[in-house]
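Q: Residue-level listing of the chains:
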Amino acid sequence: MNDLTTAKANRNNHLALLGIKAMVGIVVLILIALLGYILITGLPHVSWHFLTSASKEFGSGGGIANELFNSVYILIITLVISCPLALGAGIYLSEFAKPSWLTSTVRTMIEVLSSLPSIVIGLFGYLVLVIKFQFDFSILSGALAMMFVNIPLLTRNTEETLTAVPHSQREAGWALGLSKWRTITKIILPAAVPGLVTGVILSAGRIFGEAAALIFTAGQSTPVVSYSNWNPFNQTSFLNPMRPAETLAVHIWKLNTDGITPDADQISSGASAVLIVVILLIILLSRYLGNYCYRKMSGTK
Amino acid sequence: MNNIQKRLVKPSAATRQDRRGRIISFVCVTFIMVLTVAIIGFIAIRGLSTFTENHISVWDFLTKSDWNPGQVGTNGKPEVGALAMIVASFAVTLLAALFATPFAVAVAVYMTELAPKKGARMLQPVIELLVGIPSVVYGFVGLVVIVPAIRTVFGGTGFGVLAGAIVLFVMILPTITSLTIDSLKQVPDYYRNASLALGATRWQTIYKVILRAALPGIMTAVVFGMARAFGEALAVQMVIGNAAIVPTNLVSPTSTLTSQLTSQMGDTIMGTLPNNALWSLALVLLLMSVIFNVLVKIIGKRGELTK
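Top to bottom, those sequences are chains C and L. Quick note: the first sequence uses full-length UniProt numbering, first residue 1, plus one each step. Quick note: the second sequence uses full-length UniProt numbering, first residue 1, plus one each step.
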């Protein structure tokens with residue numbers, strides 16, 4: 001009897017572990033199939049012409065030049081606005097905030113903000129930025145809406161990275177007679193740089209692929225712009241932040257929702273491949289830069 | 001004398017710097033709080049105007065399934081029933097969570113219990129990549145691969161709850177996995193040792209001890225995944241079919257809250273009832289997101305008590 005239960009338990013053990021491994025295998029296969037499909041169907045459509053020519057609304061053979069530029073431009077503006085704010089908020093939460101009702105309210109609010117669906121944030125951006133502030137569908141509206149999406153994630157990352165810096169480093173700073181603020185800026189922040197850099201780059205990947213918050217803020221069209229006009233206040237300049245700007249992700253969505261381009265499938269698979277490659281590069285870059293900064297900061301080679 | 005006194009009484013440069021730093025960082029935090037309140041406030045005001053200005057009853061909105069806010073219905077009032085969207089949203093969310101949870105738990109168990117070092121090294125990039133793939137790409141692949149596949153297997157158009165749930169399954173898989181890993185890691189090692197010392201097999205230890213101990217954490221992970229699935233807009237919009245009809249089966253076109261918003265918001269005029277009704281959908285979405293948050297808090301508290 002006893003032997004029998006043991007045998008049964010062993011058999012169950014065997015089967016269950018096999019089942020787990022099979023499921024893990026399926027997940028890995030899903031990823032491989034997904035990446036393989038996107039890259040294999042998409043990369044043949046990616047050419048120099050595809051990357052550098054403008055998209056066409058009706059005819060076939062359009063490229064993604066403007067969309068690619070818009071994505072990068074919105075990404076840069078978003079990071080420029082959200083990094084200082086998230087850094088400040090992260091510093092407050094990790095260094096100054098004492099456990100109180102105020103701090104826990106702040107934390108709850110950041111949680112709520114980070115869990116809001118990005119479409120809701122996009123609609124808020126539409127309501128407030130596009131209509132109330134009359135920024136219209138523009139790069140500025142898009143970047144501000146993306147900032148709302150990005151800030152809670154980046155703040156939490158900053159807070160976690162700063163909290164992970166050993167307390168002895170702070171004590172060392174205070175023992176040297178440094179003020180709290182100088183300890184933060186001269187000791188804690190430099191020590192946290194690797195984590196901060198990784199966090200910012202990973203958030204960049206997220207912004208680059210985000211579309212829901214952008215369709216009603218940055219708009220779904222791109223006017224003809226000139227890439228030789230460097231005056232950001234000029235209507236036709238590519239740097240003008242007040243022009244509508246469709247990003248790469250929005251372009252893919254739009255082609256598949258109400259696109260009438262005959263080669264919508266080819267363009268979307270090409271654009272998806274570009275998107276994936278950029279995001280792969282961003283993930284690799286975050287690894288590399290994180291490691292590089294860590295080695296540089298910690299002085300080990 | 002006076003000068004010296006002044007210098008002694010005045011705060012030092014370091015103190016002033018300290019204060020300034022504290023104020024700057026506090027302003028950043030305040031900004032985030034104001035932003036959160038503003039988002040909730042603005043969406044709530046817009047979303048409630050369907051009920052306050054257009055006098056649609058909340059009950060009708062939640063329980064009727066005729067969505068036709070632009071026209072007057074049989075009873076002389078516009079038909080604003082969001083039941084179809086609410087049902088579809090919950091259907092795709094629950095189904096996606098149902099698909100994803102076993103896989104997520106299996107991957108997490110493999111990474112932390114079965115092959116800790118090797119498994120983690122192998123699967124960490126898989127999870128990172130799945131998180132990194134943008135939602136429109138998921139939607140696109142769903143549209144060109146999943147939808148035709150469902151069409152051939154089950155018939156119908158292929159668009160519908162099943163396609164949405166399959167796309168969301170892959171999207172929320174990494175979310176649930178990484179949170180489950182966190183909770184499995186928090187199970188103390190002596191639980192494992194004690195169980196194995198009693199002669200339990202690997203699987204018995206995992207199933208009867210570790211997963212039980214980590215249950216609150218796993219539930220939190222699933223709720224987080226569901227919150228993400230509920231709020232996902234574009235990927236679902238591309239494969240759901242976008243017809244505001246209560247789904248009768250898994251392969252009939254329907255519409256979720258998010259897909260209805262994305263596809264209709266651009267076609268309505270600000271301030272009119274069709275537009276207000278859409279903002280009410282957004283409000284439902286927002287409320288659900290807050291409810292998911294509260295749920296996570298409650299589960300977390302429960303988990304603490306039993307420890």
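Rather than coming from a laboratory, the hints here were simulated on the basis of the structure. All figures in this text were calculated on a predicted structure; none of them were measured in a lab. One thing to keep in mind: the hints can contain errors.
With a cut-off of at most 27 Å between alpha-carbon atoms, the simulated DSSO-like pairs for lysine-lysine come out as follows [stated by the list, open to error]: (1) LYS10/L <-> LYS8/C; (2) LYS301/L <-> LYS98/C; (3) LYS98/C <-> LYS180/C; (4) LYS8/C <-> LYS180/C; (5) LYS64/L <-> LYS77/L; (6) LYS180/C <-> LYS185/L; (7) LYS118/L <-> LYS208/L; (8) LYS185/L <-> LYS6/L; (9) LYS98/C <-> LYS297/L; (10) LYS208/L <-> LYS185/L; (11) LYS10/L <-> LYS117/L; (12) LYS21/C <-> LYS8/C; (13) LYS64/L <-> LYS208/L; (14) LYS185/L <-> LYS118/L; (15) LYS118/L <-> LYS21/C; (16) LYS56/C <-> LYS186/C; (17) LYS117/L <-> LYS6/L; (18) LYS10/L <-> LYS21/C; (19) LYS208/L <-> LYS301/L; (20) LYS64/L <-> LYS186/C; (21) LYS64/L <-> LYS185/L; (22) LYS21/C <-> LYS98/C; (23) LYS21/C <-> LYS208/L; (24) LYS117/L <-> LYS21/C; (25) LYS6/L <-> LYS180/C.
Which chain L residues stay away from chain C? Per the calculated CB distances, all over 10 Å, these [to be verified]: (26) SER57; (27) PHE90; (28) LEU95; (29) ALA197.
Residues of chain L placed beyond 12 Å of chain C at every Cβ, according to the derived structure [as the list claims (entries may be wrong)]: (30) SER12; (31) THR15; (32) ALA38; (33) GLU53; (34) VAL58; (35) TRP59; (36) ALA100; (37) VAL105; (38) SER135; (39) LEU234; (40) PRO253.
Ideal Cβ placement from N, Cα and C applies to all residues, glycine included.
Q: So, for every hint listed, does it hold in this structure?
A: Verification of the supplied hints:
With a C-alpha separation of about 80 Å, the suggested pair LYS10/L and LYS8/C falls outside the 27 Å cut-off, and the hint is violated. Proposed proximity of LYS301/L and LYS98/C is supported: the alpha carbons are some 21 Å apart, at most 27 Å. In summary, the hint linking LYS98/C to LYS180/C is supported, as the alpha carbons are separated by about 15 Å, within the 27 Å threshold. Using a Cα cut-off of 27 Å, the hinted pair LYS8/C and LYS180/C is violated, with the two alpha carbons roughly 63 Å apart.
A hinted pair counts as satisfied when its Cα atoms are at most 27 Å apart, and LYS64/L with LYS77/L qualifies at roughly 13 Å. The straight-line distance between the Cα atoms of LYS180/C and LYS185/L is roughly 34 Å, outside the 27 Å bound, and the hint therefore fails. For the suggested pair LYS118/L and LYS208/L, the alpha carbons sit about 24 Å apart, so the restraint of at most 27 Å is met. Under the criterion of a C-alpha separation no larger than 27 Å, the hint pairing LYS185/L with LYS6/L is inconsistent with the structure, at around 58 Å.
In summary, the hint linking LYS98/C to LYS297/L is supported, as the alpha carbons are separated by about 21 Å, within the 27 Å threshold. Distance hint between LYS208/L and LYS185/L is fulfilled; the C-alpha atoms sit about 16 Å from each other, no more than 27 Å. Pair hint LYS10/L plus LYS117/L does not hold up; C-alpha atoms about 58 Å apart against a cutoff of 27 Å. In summary, the hint linking LYS21/C to LYS8/C is supported, as the alpha carbons are separated by about 20 Å, within the 27 Å threshold.
Between LYS64/L and LYS208/L the alpha-carbon distance is near 45 Å, which puts this suggested pair outside the 27 Å criterion. Of the supplied pair hints, the one linking LYS185/L and LYS118/L holds, its CA atoms being roughly 16 Å apart against a limit of 27 Å. A distance of roughly 13 Å separates the Cα atoms of LYS118/L and LYS21/C; the hinted pair therefore holds under the 27 Å criterion. Taking the CA atoms of LYS56/C and LYS186/C, the gap is about 52 Å. The hint is violated against a cut of 27 Å.
Restraint check: the Cα-Cα separation between LYS117/L and LYS6/L comes to about 63 Å, which exceeds 27 Å; the hinted pair is violated. A distance of roughly 69 Å separates the Cα atoms of LYS10/L and LYS21/C; the hinted pair therefore is violated under the 27 Å criterion. A C-alpha spacing of about 22 Å is found between LYS208/L and LYS301/L, which places the hinted pair at or below 27 Å, so the restraint holds. About 61 Å separates the Cα atoms of LYS64/L and LYS186/C, which puts this hinted pair outside 27 Å; it is violated.
Restraint check for LYS64/L and LYS185/L: the C-alpha separation of about 46 Å exceeds 27 Å, so the hint is violated. The hinted pair formed by LYS21/C and LYS98/C fails the criterion: a straight-line CA distance of about 46 Å is larger than 27 Å. A distance of roughly 19 Å separates the Cα atoms of LYS21/C and LYS208/L; the hinted pair therefore holds under the 27 Å criterion. As the CA atoms of LYS117/L and LYS21/C are separated by approximately 15 Å, the hinted pair is consistent with the 27 Å bound.
Between the alpha carbons of LYS6/L and LYS180/C the distance comes to roughly 24 Å, so the proposed pair stays at or under 27 Å and holds. With a least CB separation of 24 Å from chain C, SER57/L remains clear of the 10 Å interface cut-off, as annotated. Once the 10 Å rule is applied to beta carbons, PHE90/L is consistent with being away from chain C; the minimum gap is 15 Å. The beta carbon of LEU95/L sits about 17 Å from the closest Cβ of chain C, which is more than 10 Å, so the claim that it is off the interface holds.
Distance check on ALA197/L: its Cβ is at least 15 Å (rounded) from any Cβ of chain C, clearing the 10 Å threshold; non-interface status holds. With a least CB separation of 8 Å from chain C, SER12/L falls inside the 12 Å interface cut-off, contrary to its annotation. Non-interface call for THR15/L relative to chain C: violated, since the shortest CB-CB distance, roughly 7 Å, does not exceed 12 Å. Once the 12 Å rule is applied to beta carbons, ALA38/L is inconsistent with being away from chain C; the minimum gap is 7 Å.
GLU53/L, annotated as away from the interface, keeps every beta carbon of chain C farther than 12 Å; the closest lies near 16 Å. The beta carbon of VAL58/L sits about 20 Å from the closest Cβ of chain C, which is more than 12 Å, so the claim that it is off the interface holds. At roughly 24 Å from the closest C-beta of chain C, the C-beta of TRP59/L stays outside 12 Å, upholding its exclusion from the interface. The Cβ of ALA100/L sits about 10 Å from the closest Cβ of chain C, inside the 12 Å cut-off, so the non-interface label is violated.
Residue-level check failed: VAL105/L sits 9 Å from the nearest beta carbon of chain C, not beyond 12 Å. For SER135/L, the shortest C-beta to C-beta distance to chain C comes to about 7 Å, within the 12 Å cut-off, and the non-interface label is violated. Not every CB of chain C is more than 12 Å from the CB of LEU234/L (nearest about 5 Å), against its label as outside the interface. Distance to chain C confirms PRO253/L as a non-interface residue, since its nearest Cβ pair spans about 14 Å, more than 12 Å.
Violated hints, in rising order: 1, 4, 6, 8, 11, 13, 16, 17, 18, 20, 21, 22, 30, 31, 32, 36, 37, 38 and 39; the structure is consistent with all others.
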